[in-house]
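Student: Sequence:
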Amino acid sequence: MTKLSLAIGLKVLFTVLGALMVATLLYTLFTDGSPFRMSLLTPWMVATLIDFYINVIPFAIWVTYKESNWVTSILWIILLICFGSITTCSYIVLQFLKLSSQESSQDPLYYVLLRNPNKSATEPKKELSFVVTLRIIFSILGLLMFGTLVYTIVTDGSPFRMKLLTPWLTTTLVDFYINIVALAVWVAYKESSWVSSVFWIILLISFGSFTACVYVVWQLFQLSSQDPVYLVLVHRRDRAENKYKGLPGEAI
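Just so you know, the working numbering puts 176 at position 175 of the sequence shown, and the rest follows in order with no gaps.
In silico lysine-lysine, BS3-like type, Cα no more than 30 angstroms apart, as pairs:
#1 Lys4 / Lys67
#2 Lys99 / Lys4
#3 Lys191 / Lys4
What follows is a list of derived Cβ distance ranges for each label pair:
#4 Ser40 / Met163: 13 to 21 angstroms
#5 His236 / Leu98: 20 to 28 angstroms
#6 Ala20 / Val151: 30 to 38 angstroms
#7 Gly34 / Ile137: 35 to 43 angstroms
#8 Pro44 / His236: 37 to 45 angstroms
Derived from the structure by calculation, the hints contain no laboratory data.
Virtual Cβ for every residue (Gly too), placed ideally from N, Cα, C.
Produce the complete structure using the sequences and hints provided.
Tutor: Structure, rendered in structure tokens:
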């Protein structure tokens, strides 16, 4: 019953967040006009957009893993780039709607995160691992965000100034933090204690995609270079118990 309530609660949460983002986007369009204006690209808006799109990359990789063909993967990634957290929320809700009642009552996050875990063979498949590649990619992205943050502070000063909060920057921040909620749910699922979960979530809220990259790299270092990279999605307990007993045999 607790797991079923979790599935229902997360569906409601991301439905509400998606609707909030749609309302925020429409309101800003009507009250402040088009976002495609050079005057909006202040240094902190640029830094926020870099932060936002680095955070989109983990979702894009997950979508690529989840989808059964490249056409749907590319479509969803384009929607992620264009509509941000609206697409994130829509995709997550869709994945929850695909769950059977049994899956929802057992471990909904496990079944949402993985690709058809019940349809895999019981033996692992020998496939190329991308663990090392993703360690490098997310390390570079984390350094990029850190450099962007330091550069913008040095050249444009503190971000905590009211005059920076233009309507479109506010909308971008709402978009950004809705994606942070999705990452925070994953972190809470991954971590074995509430203390570590709260610690990482506070860092996510404070440092955005820099923390996200650090966390992903840290999780990837929990895997060997030969492991299929999708194992990073699940809790270490599930990985240890089910690595060769039902986890999907596909790597990203």
